[in-house]
Amino acid sequence: MKNQETGDNEGLLVRRIKNGTVIDHIDGGEALNVVKILGITGTTQEALSIATNVQSRNMERKDIVKLTNRELSKEEVNRIALISPRATINIIRNFKVVEKKGVEIPHLIEGIVRCPNPGCISNTNEPIRSRFEVVPKGLHCCYCDWMITKDLTSNII
Amino acid sequence: MKSQHHLNFRVRLFQCQIVCEIGNYGRKEIYSYNEAGGMRTRHIISIKDFDRDGIDRLLDQAEEIDREHGRSDALNGKILATLFFEPSTRTRMSFESAIARLGGSTLSVGSVDACSMAKGETLADTIRVVSGYADAIVIRHPKEGAARLAAEFSTVPVINAGDGAGQHPSQTLLDLYTIRQSMPIEGIDIALVGDLRYGRTAHSLASALSLYRARLHTVSPNGLELPETLAAELRESGMEIIPHDTIDDLISDVDVLYVTRVQRERFPDTASYFNVTSSYRITPEILTNAKKHLIVLHPLPRVDEIDPRVDDLPHARYFEQSRNGVPVRMAMLMEVMR
Ligand SMILES: Nc1ncnc2c1ncn2[C@@H]1O[C@H](COP(=O)(O)OP(=O)(O)O)[C@@H](O)[C@H]1O
Ligand SMILES: [Mg+2]
Ligand SMILES: [Zn+2]
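Residue numbers (this note's numbering), protein chains in the order written: chain A, 1 to 157; chain B, 1001 to 1338.
No lab work stands behind these hints: they were computed from the structure.
Watch out, some of these pointers could steer you wrong.
As the list claims (entries may be wrong) - Taking beta-carbon pairs under 8 angstroms as the criterion, some of the chain B residues facing chain A (in silico): (1) Gly1145; (2) Leu1149; (3) Gly1166; (4) Leu1313.
No residue lacks a Cβ here, since even glycine has one placed at the ideal position from N, Cα and C.
Please work from the sequences and hints to get the whole structure.
Next up, the structure:
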């Protein structure tokens, strides 16, 4: 009884892949941000398929991202946690799910997020990447001390 | 978001910079580790890098320097670079005076436009170069976080002398030092008066005082109140904050009156500016209801906030406060350069 939940819809939307990664259970509507946070753009090499607002077993809408021929590093996986802490990562080899794991919120985020403080040194041409410490209230800029408490995705570089 | 705090040993700022707590005192200090030699370099970037013991230790050191009439040869032959990318004669002069009184000397970049920063060099490069010339760097820069960046690229200690709207730890330390000359800091009632929204000296002082269980009273013009995020942070640390409408309302309750400058630019027109400054002005009349031991502080320069007639009252401590910048900065230099 495979593909009872979403699989049927999903199967229609997205072909099976031989090798790569399936990022499943992304919060509905966040798939494009997941792609963005992984630094995937039109000029990078991955073959990519995205399904958004797929009906999930528990009736909530979810998004799915499938990446061909790419396995994500731990650090890349953890970035996803910032926007979708319930996402699951499935590593596919030879059409089979060989590994399945959740995501974990990182302690420190470098690059990826831009500091919203226009006066912050990290928004200049200095040879540094932005750096945020993840604290209970949000993201704390290690340079200027500002906090990002909401609308994180609009600050993704 | 899930909390992922490690209290005892956490990588906080940079891979190379670590806040560690040492021994039983819970001392928090920022070091950067030089990978080659394993040497540690101490920086002073923010008052938040200190815990209470760290502050007390530094103030004790300043007091000892004061007792020795402010001269020593502790830093004989050492060279301090003062990199001021923004004008600030007082802070710079007092750092220069501090190193001279410790037997060291100063290297400074003449004017800001004469330095290579104006020619488009990055701060990172300037710091890499200057740290080869000096034994420590004092930096003032218009961008917030500039001193942290400097610490990241420097091979010598960096002291932050103000980064934009950000931190200015030597000011906070000398404010605390001046309070401590008159009374124990523990549990004081302090009023912050003036521009509490943009006034970074008031912000840092308030954070530091939360370590001393002080009670905060505030009076500020409409729109220039303490930022809500800071107020929340202070309350969370257990500080009581009591807003008042007028100075009269609080004057008999407080031990310290900390007055900050209200900038003309914050107001739409001159009339509304004068309206505000006249209602927040400290005068001998206002002070008639004050406690006998109340002290009046101001980070200077003052404009109209304090009536010059207050200068002659025993409450006035702002010139003393400014003078205290020297022993406090001497203690800071000794802390990082020795
Ligand atoms: N070869 C494949 N190509 C593309 N997607 C796949 C492949 N195998 C599994 N998936 C997808 O990966 C996710 C996890 O798969 P699986 O572990 O079988 O299901 P579930 O986690 O829903 O029990 C599902 O969204 C599934 O559709
Ligand atoms: Mg599933
Ligand atoms: Zn910042």
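Close enough to count: is the Cβ of B/Leu1149 nearer than 8 angstroms to one in chain A?
holds (5 angstroms)
### Minimum beta-carbon distance criterion (8 angstroms), B/Gly1166 to chain A
holds (6 angstroms)
- Task: Hold the hint about B/Leu1313 up to the distance rule: shortest CB distance to chain A must be less than 8 angstroms.
- Result: violated (37 angstroms)
> If you take the shortest Cβ to Cβ gap from B/Gly1145 to chain A, is it below 8 angstroms?
Replying inline: holds (3 angstroms)
Consistency note: the structure conflicts with earlier hint 4 alone.
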